[in-house]
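Engineer: Chains A and B are the protein sequences, given in the same order.
Read in order, the letters of the first sequence are residues 1 to 453 in the numbering used here.
Read in order, the letters of the second sequence are residues 454 to 906 in the numbering used here.
Since the hints were made in silico from the structure, they are not lab data.
Errors might be hidden in some of the hints.
Under 10 Å between C-beta atoms, here's a sample of chain B residues computed to sit facing chain A [what the hints assert, rightly or not]:
#: 1; residue: Leu461
#: 2; residue: Ile532
#: 3; residue: Pro564
#: 4; residue: Ile577
#: 5; residue: Leu772
Chain A residues, not near chain B, derived (Cβ > 10 Å throughout) [stated by the list, open to error]:
#: 6; residue: Val41
#: 7; residue: Asn109
#: 8; residue: Asp271
#: 9; residue: His296
#: 10; residue: Gln388
All C-beta atoms, glycine included, are put in the ideal place defined by N, C-alpha and C.
Protein chains: 2
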Amino acid sequence: MAKRTGQLRLGAFLYPAGHHIAAWRHPDAQADAGINFKHYVQLAQAAQAAKFDLLFLADGVGTRGDNLDFLSRTAHSYIAQFEPITLLSALAAVTENIGLVGTASTSFNEPYHIARKFASLDHISGGRAGWNLVTSSNEHEAKNFNRDKHFDHGERYERATEFAEVVDRLWDSWEDDAFLRDKEQGRFFNPAKRHVLDHKGRFFQVKGPLNVARSPQGQPVVVQAGSSEAGRALAARTAEVIFTAQQTHRDAIDFYADVKGRLDQYGRHPDDLKIMPGVMPIVGRTESEAREKFEHLQSLIDPAVGLALVSGLTGGFDLSAYPLDGPIPELPETNASKSRQLLTLELARRENLTIRQLYLRVAGARGHWQVVGTPEQIADQLEERFVQYGADGYNIMPAVLPGSLTDFIELVLPELRRRGLFRTEYEGATLRANLGPRPVNRYAAQKAGAVAA
Amino acid sequence: MAKRTGQLRLGAFLYPAGHHIAAWRHPDAQADAGINFKHYVQLAQAAQAAKFDLLFLADGVGTRGDNLDFLSRTAHSYIAQFEPITLLSALAAVTENIGLVGTASTSFNEPYHIARKFASLDHISGGRAGWNLVTSSNEHEAKNFNRDKHFDHGERYERATEFAEVVDRLWDSWEDDAFLRDKEQGRFFNPAKRHVLDHKGRFFQVKGPLNVARSPQGQPVVVQAGSSEAGRALAARTAEVIFTAQQTHRDAIDFYADVKGRLDQYGRHPDDLKIMPGVMPIVGRTESEAREKFEHLQSLIDPAVGLALVSGLTGGFDLSAYPLDGPIPELPETNASKSRQLLTLELARRENLTIRQLYLRVAGARGHWQVVGTPEQIADQLEERFVQYGADGYNIMPAVLPGSLTDFIELVLPELRRRGLFRTEYEGATLRANLGPRPVNRYAAQKAGAVAA
Chain A
1 MAKRTGQLRL
11 GAFLYPAGHH
21 IAAWRHPDAQ
31 ADAGINFKHY
41 VQLAQAAQAA
51 KFDLLFLADG
61 VGTRGDNLDF
71 LSRTAHSYIA
81 QFEPITLLSA
91 LAAVTENIGL
101 VGTASTSFNE
111 PYHIARKFAS
121 LDHISGGRAG
131 WNLVTSSNEH
141 EAKNFNRDKH
151 FDHGERYERA
161 TEFAEVVDRL
171 WDSWEDDAFL
181 RDKEQGRFFN
191 PAKRHVLDHK
201 GRFFQVKGPL
211 NVARSPQGQP
221 VVVQAGSSEA
231 GRALAARTAE
241 VIFTAQQTHR
251 DAIDFYADVK
261 GRLDQYGRHP
271 DDLKIMPGVM
281 PIVGRTESEA
291 REKFEHLQSL
301 IDPAVGLALV
311 SGLTGGFDLS
321 AYPLDGPIPE
331 LPETNASKSR
341 QLLTLELARR
351 ENLTIRQLYL
361 RVAGARGHWQ
371 VVGTPEQIAD
381 QLEERFVQYG
391 ADGYNIMPAV
401 LPGSLTDFIE
411 LVLPELRRRG
421 LFRTEYEGAT
431 LRANLGPRPV
441 NRYAAQKAGA
451 VAA
Chain B
454 MAKRTGQLRL
464 GAFLYPAGHH
474 IAAWRHPDAQ
484 ADAGINFKHY
494 VQLAQAAQAA
504 KFDLLFLADG
514 VGTRGDNLDF
524 LSRTAHSYIA
534 QFEPITLLSA
544 LAAVTENIGL
554 VGTASTSFNE
564 PYHIARKFAS
574 LDHISGGRAG
584 WNLVTSSNEH
594 EAKNFNRDKH
604 FDHGERYERA
614 TEFAEVVDRL
624 WDSWEDDAFL
634 RDKEQGRFFN
644 PAKRHVLDHK
654 GRFFQVKGPL
664 NVARSPQGQP
674 VVVQAGSSEA
684 GRALAARTAE
694 VIFTAQQTHR
704 DAIDFYADVK
714 GRLDQYGRHP
724 DDLKIMPGVM
734 PIVGRTESEA
744 REKFEHLQSL
754 IDPAVGLALV
764 SGLTGGFDLS
774 AYPLDGPIPE
784 LPETNASKSR
794 QLLTLELARR
804 ENLTIRQLYL
814 RVAGARGHWQ
824 VVGTPEQIAD
834 QLEERFVQYG
844 ADGYNIMPAV
854 LPGSLTDFIE
864 LVLPELRRRG
874 LFRTEYEGAT
884 LRANLGPRPV
894 NRYAAQKAGA
904 VAA
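All chains, full assembly: derive it from the sequences and hints.
Structural biologist: And the structure:
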């Protein structure tokens, strides 16, 4: 395979006070970030000035967990945050170029609302909207939506597949030139360019048409974040960007090959889907400065938070009665997430970790790829994974906000640009113009086909 | 009763190209208004500079009707418009004082989503969000949400009452001082100030808490627009503002007395609910200029649109085979909206109207109160209804946008100010500060009561 050329796509994944589990306790962190609009305006404008492709917002429709002591010690439980669609719409009014990608669950929404809100955001922003389609894996969310339990994994993905199909077709309700607005003739639209969906499926019955004109991007960009077998299949079928957590280059390369290899069966080209793993860079002007920054953040992890996280990863076992600086005790096997439990315990045994060492290892980046070093070292890592076809770009997860985003922009981006790996100007006016071609309206395409045939 | 003093509350009801049925055909109208963000930014900033209390956006979750010829000739069918929550969020970023009130249906939404989005908008806007609670009366909307038919009227209002109660309580999930964000102690919130709803009702099962901190207004302002018996009861119980269509002063005074008289049974004061009828002012520097403006707009009504509207008001009877300038034929009685049909036909018979005269009479303002005249004549009408306790203010419905809003601001507002009827500066920083007191968190109030007892 020839050495890969081209440039990275970069997302700025804005998590209120930062992605490190203890970020909000950092002296420079904006502790009220989740409901501080000015904070987000500054981050969005900084990311835009640095030519990031997009902003990304995660979401949950409920607070996470029942452990009040744990919850009350961490800002990482979606407890006091803006809702993404309202926040992105507001940010659309104070930015001009950067893509605006928000998460919304197919498990607890209706396709008409989601199609409509993202189409509306696409109009407001002049073609910069993206929808991160998730199925929600959190039991606590279901309880806010008339259910005692969540849908099971298979049903969730069947629902998501039908949901995505309905949204996709609603976005084509009107052809691009359907609206004449001919004042003289009194014709507001051309009825031949309006299309009624009339969908009747297993989960949804949606007549249409959407009550929003076709949006500047044709359709908002679809992003997917699931990495399970069902998640990969759904992404290969519907998504244009994947955000994924891949700890090692080897895992990333395997994931990349697997997903790109699935596109052909849906009539898609490998370039139609960009794979952007998450990465938390901790950058210093020297390696020791980077290391110190990291250790400082790690020292802010409250042992109660660390213990609760390890307990979650080891099947709910309460380790608080054991000495923090002693070994992990023998644990009974449980039903919850067996593979994750096994991975965590294997790690602890293999490296002979104490309880504190284990939580420091797993808590900080919450399972994401973390790179600590100089700008050159970080650029080396990002370049290596890119040229080995493990990524088309990255979703940058700043450890502390605003500081770690500033660090990345001021220290790492110049190094990436020096290597020709990142843009100095936006190529196009819309998010899609940077990512891929504008989709053709299916009905217009059918007509063109009929004319050509 | 002593002569009423005080000042009017004014809303700017922004309907894309204007409220007149033919507005979009006017030479000065912004025909693509529904998806033109700059248009809305200009309107919002103009209304704010004029010190309007609030912007108001109507909504429908579907296009209206199946008559394609009619639909294609009018912009008044929610066919190519921004979704209100996204639009208001974007406008929040470019305004500072004006209230932002958006419509959302309780029939096709979940209370957790609605509570969350309006709380988020309240944070983004610094305390300017309002929710106009409607139940939807449009059969076409139901078909976009997994139903063949709409809920019946009674069920709709039972659902709405429970929905409003859940939203109200979700907004109290956190006390105002629940979030400590104490970096030193590692306490993000105080668990004693978090409240779980655990609602299990007929229509909804919602655990809570909301994942947004209590918002700057305590709770976003609740608006209601229904005027039926069930609508009045719901408004008296839950709303802080009513938008209503009252054609005559007499009707307005009766409505006002009826609704204000219902508040006591819910432990509320008459001032806790502001009644703001809609009005479409057509203003000229002289009476004949105003009259000419109106006639010009009326002349733009396409007969096909006029006929379809009259047909809708007379039970679906197709009048297109009869001469436009001849009398209304005898019509069979139908099931649909009997009282409306009767009112329309009585009007036609009483005044011996032709088909064209009838549609001109009912089509223009779409059933709303319309005042055509000089600034003094319009101010007289607005003052008269106010001092007679028929209104606490008005929801101004500009006939054509942006022109009719500019006319009202430049010509009518100075006259209202000369009479001391409208503010020259905002009194407070939030929407609620102009409308009434900030609500106390129910849980905090209970604790305070327990301490006092």
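Engineer: Taking the hints in turn, state whether each one holds.
Structural biologist: Hint-by-hint comparison with the structure:
1. Taken as an interface hint, B:Leu461 does not check out: its beta carbon lies about 29 Å from the nearest beta carbon of chain A, beyond 10 Å.
2. Hint status for B:Ile532: holds, given a least beta-carbon distance of 6 Å to chain A, under 10 Å.
3. At about 9 Å, the closest approach between the beta carbon of B:Pro564 and any beta carbon in chain A falls short of 10 Å, and the interface hint on this residue holds.
4. With its C-beta approaching chain A no nearer than about 5 Å, B:Ile577 sits inside the 10 Å limit, and its interface hint holds.
5. Hint status for B:Leu772 relative to chain A: violated, with the closest Cβ pair at about 18 Å, above 10 Å.
6. With a least CB separation of 8 Å from chain B, A:Val41 falls inside the 10 Å interface cut-off, contrary to its annotation.
7. Under the 10 Å C-beta cut-off, the non-interface status given to A:Asn109 relative to chain B is violated; the minimum distance is some 8 Å.
8. Chain B leaves A:Asp271 outside its interface by the beta-carbon criterion, the shortest separation being 30 Å against a cut-off of 10 Å.
9. At roughly 13 Å, the least C-beta separation between A:His296 and chain B is larger than 10 Å, which holds for a residue marked as non-interface.
10. No Cβ of chain B approaches the Cβ of A:Gln388 within 10 Å, the least distance being about 39 Å, so the stated non-interface status holds.
The structure is inconsistent with the numbered hints 1, 5, 6, 7, although it conforms to all the rest.
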